[in-house]
Every structure is written in C-alpha cells, then in structure tokens.
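Engineer: Line by line, the protein sequences are chains A and B. The first sequence begins at 1 in the numbering used here and counts up one residue at a time. The second sequence begins at 1001 in the numbering used here and counts up one residue at a time.
No wet-lab data here; the hints were simulated from the structure. Just to be clear, a hint being listed does not mean it is correct.
[Said to hold, decoys possible] Residues on chain A that point at chain B, a partial pick, calculated with CB under 7 Å: (1) M139; (2) S142; (3) D270.
Keep in mind the model is a prediction, meaning the values are calculated, not measured. For every residue, glycine included, the Cβ atom is placed at its ideal position computed from N, Cα and C.
Here's the letter readout for the chains.
Number of protein chains: 2
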Amino acid sequence: MTEKTITSSSVDSFVKTRMPAVGVDLGGTKIRAAAVLDSKLVSEPMQVATPSGPENIVQAIIDLIGNFQKDCVLSGVGIATAGIVNCDTGEIVGSTGNLPGWAGTPLKQMLEAKTMLPTLVDNDANAAAYGEASARELMNTSCISVVTLGTGIGGGLIINGKLFRGAHWGGGEIGHIRISMGNKRLCTCGLFDCWEAYGAGRGLVATARDILSGLSSNQTPLCALGEKLTTYAIVDAARSGDIVAQRAMDSWHEHIAAGLVNLAHILDPDAFIITGGMAECVDFSLLHEMVTDRCLPRVGENLMIHKSNLGGMAGIVGAGQLVLDSLAEKQLPT
Amino acid sequence: MTEKTITSSSVDSFVKTRMPAVGVDLGGTKIRAAAVLDSKLVSEPMQVATPSGPENIVQAIIDLIGNFQKDCVLSGVGIATAGIVNCDTGEIVGSTGNLPGWAGTPLKQMLEAKTMLPTLVDNDANAAAYGEASARELMNTSCISVVTLGTGIGGGLIINGKLFRGAHWGGGEIGHIRISMGNKRLCTCGLFDCWEAYGAGRGLVATARDILSGLSSNQTPLCALGEKLTTYAIVDAARSGDIVAQRAMDSWHEHIAAGLVNLAHILDPDAFIITGGMAECVDFSLLHEMVTDRCLPRVGENLMIHKSNLGGMAGIVGAGQLVLDSLAEKQLPT
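Put together the whole structure using the sequences plus the hints.
Structural biologist: Rendered as structure tokens:
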C-alpha cells in the first residue's frame, strides 16, 4: 500500500465543504481511495486488494478512510461500488459476480456507524459519470451521457446537473440496448444483440472471430492466435497495417456508433464522454463522423464526443465529489 | 366550428391558477383548442381547419382563444405545435413538412402581444407527453416515457416531474433510434433502420409487404390490394384470422418492443404510456410480455406499459396544463 499526505493548503477547515471528502472505488480485485476536492484528487491514491466477504470489505474501507483521517479533517465519504445501489439508503440491492455476497450489505449504515462521517454510496458507473462531468465543469447542462467502454459497456447520465438513476436504480444499463434484430449474437447477460456484445472489448473480439472464420494464417497472423485472440492483439495488428484487423476495427467503430446514435436521438445530450479501458483504442475522429452521419441533422450537428480526462480515477473523483455536493446542498437555506 | 360554454363552477376567479388555460393543438390539417384545468378538459373542444401561412395560422389561434374569453377569465395559453420549438423564447426553430414556412415564427411573442395572456409554446409530442403524465398523476416520478405510435413514432420524456427537452430542443426523437444493422429498411428521414421504419403504421405496412412478396391472392386477400394496402386492412385481416396478416402483426409487435427495450435499459422508467392512432391496434398484453422477455430481469420486472387515457386530446390537455403549472411555479416564493 502506498501512502501520501494531503497538503494542508488544500484544506480549509473553516468551511465544511472546503474540507476534502474521501472517494473510494470498490472493484472486484482492488479498493482504491483518494482525497477529493473541487472535482480533483488532492492526495495520492491508495489501494488495497479487495478481501473476500462483506465484513472484510467494509473493514478494509474503514482502514483506508482512517489513513486519510490521520492527515486531515474529512467532510465525508463517497463510495463507488460495483452492483446496484439504493442511493437513498446506501444499501447494495443488486449483486455482481465480482463481489460474491455483496448484495444486501447496508454499506452506508455500517460505515457511518464506525467513521461518524456522512457517507454516500453509488454505483461505480454513476460515480464515474459524475466525476467526468464535474471535472469538465459540465454540471450546468441539460444532459451529459458518459459511456464506459470496457469488457462490457456501462454508463451514467447527468440530467440537469444531477445523476439520473431511473425509477428502480436500474437506469444506465445502456450496454443492453439492442442494436440488431434476429438474435445474431448472444450477450453474456443471456439476451441477444445487446450493444455490448458488439461495441465492448468482448464485442470487438467476437467481430474479429466472425471475420477470421474461413481465413488462414497466410492471410493474417491473427488466425494463429485461436482462442488467445485479444482486443490488444487486434488493435496492435490494425496499427501494424493488418487489413483484416482494420476491418474488425472499422466494424467495431460502427457498432459503438450505433449505440451512441440511439442515445443521441433519445436524449439530445450536450456531450458524450467516452471512458473505460477500450476508450484508448477508439479513433474519436472516425467515431464522431460515423455518429453524425447516422443522426438526424438537427441531432447530429451539435453532437460532441469527448474522451475521458480522468481515466481510471473517474470513480474516485465522482464518489468524492458526490458527497461534497450533497453536503453543500444540505447547507443551502431551505 | 362547434362552440360550448365553460361552466362557471370550474372557474375560481380568486386564485389565478384556479382559472383555466386554453390548450391549443396545432396540426397540419386542423387547429383544436379547449379550456383545461386540473389536467382535464373543462370545455368542449373547438376546431378550425389550419389555414395556410404563419400570419393566418396565428390569427386563427387568436380567434379561437377569443371564443373562450367570451365565457371565462383565462390564466394563460398553451400551444402544442408540430415542429421544433425553443421553449424559452416560444419560437419555432425547426420546420415540419405539414406547416410550410412555420419555422422562424416567434409564436409566443406574436400571441402575447395580441391576447395579453401568458403563453407557452412546446412541441406537440412533448405537450402530449405532459398531458398523459399529468392526467394520470404521474408527475411525482423519476421518469415517464410517452411513445406516440402513428404514421411515424414520436415521444416525450418526463424526468423528475419536468419535460426533458434535450440540449438543443431535439430530445425525444425516439422514432429515429436504430433497431437493426445492415441498412435494411430506408426511413422517410433518409436514415436506415430507424425504429419508426418498423414500429410505426408505415412500418407495419412495409413489414406486411415484405411478407406478401412472393405470395398470391389465393393465399391472402391482402395481395390483391397492391398499392392500396393500409394499416387498417392489415389489422382487420389479422382480426378476421388471416395468418399472413397475423404474422405481420406479430413482427410489428416485436419491432415496437425493440424500441421500448432500448428506452427501458437507458431510462428505467416508472412507466411507458403508448398513445397515437396506432395504439388502438396494439395488443398490450403481448407487447408487455415481449418487452419484459427482452429486458434484463431487474429492468423488466418493474416495467409498466399503459395505453393512453386521453387519445387525441393529450396535446390540448398537456399544453394547457404546462402553462398552468408554469404559472403556479412562478407564484412560489423565491
């Protein structure tokens, strides 16, 4: 575990909302945390491996928070967690394969009892979306649609400066919109033709396999990889001039565009922000051209697609800033 | 033109927001209007044919409003118009084929100058959505998605009790989300594979034509209709037991479901409300089953799909109620 102190210049102890919050990003393999103020990290991030079992996870988070409390007065704690969260109660209401047994954990209640700090819990995609939008000072807008391209596709929506969570904490399941008919490709969720079955990293590999079937190693070295074919192998091959890999990459951009076109016609957002590991592999100029070309002119002409500025830190920044903004609102005269 | 008086019992002249507003629904062929209070009509609707040219249309609306003013004190005027509207200024910013020359009309300004009544202008799909949601007392919800199935598909979104209009007054162009790949069917907008090219009335006819190609009049009397094939002919034939027509109806329900599945995964709405002329032809039980079946369980299990209660009056009710609610908000202490 690395540990760094927070500079005292970033802390104004006279105004509660000028004190940093700790943002925590809880994933299946690691828990990361940092102090956050003004939509920025104001400490080095710390990280520990995710232990097994809810009790151990909660204790690990408490220990991380304790490390920050040694150095400064904190205003609150924001947690970005995998799974579905009831943000009113701070309870995990939907499970995730990466954190067995996590559903049902009253996380906010458990943390507040131990740390005495106001705590806010949200889904990791929502927190990342909030981080991306607030770091770009895009909160004073009608709609920001943040799309996380990774192994799957997730997303978060900021509408009128607030996270939009849907009626049953299930908004933003954008990876599972259908972009094709005919049950052509099975998604890991059990449905067919979901956006993420085409547009996520896993989708790129599936598209490349479709193209490779019937080709031989004489035509592209990708054939020899067989089951070892990865997104990185495809991206590297395309950059090296392999035309088969380039065709897979073109199709992959078409598939990403299809989902963005749907979001654009429903939401007419001020901007899209693309984040997640696979964002690094996107040709943003090509993607913008494709999306604009497939939108009604009045929807496409104003369309903005940004690449994430925060990368892997978006969840931490968003979780921290969510609790800061929530405290600031509570201080408004009612 | 029919004309009826407003009962004085529906008017409380001591409280401005207890006075009715006039809701006006401006379409390509007719202008309809009625007095609205508490999300209900409180007069018989009146209608006139839509004259040609913006000046004549505005005068016709003023004349209609004058008819209501004879009978009661009005609090304001709400206009539901085809085309894209800047709701801040009440100007028509995007044209529609049905109202040539309408774009650029500063409608709110022109009406307020003549009637001296506070006026609010919105897109007809938005107004209809507001009417449907407010008449069902669904404004205190996270998200209501109203889908208008007619010749095309339109829609309106109510998010946190307010109409969501998008960043550039273009939100809710839901008819143009893509539900298929491969440029299979051209939409009237010039794009391919739009939802409305499959799920609207026009889409049902196109689907039936696809099925009919290669069949003969011995197999279904629909073949003999040729270019005269209509949605009503297909719906009637299906109800009479024609299996070809029934297959077209099944596909049409699948196509409607595809778009609703996408909206559900993005928005997780409290409810869908289906309105428009083609809503009459929908088997709501079948549609609900299809949508639920194609959603993630946590999205599908809470899904509600209502059929419109207001039918063709939704735009009038919504336009009237929008101006009433806007006046009520202005009376809140700031």
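Engineer: Now, for every hint given, state plainly whether the structure supports it.
Structural biologist: Taking the hints in turn, this is what the structure says about them:
no. : hint : result
1   : M139 : violated (13 Å)
2   : S142 : holds (4 Å)
3   : D270 : holds (4 Å)
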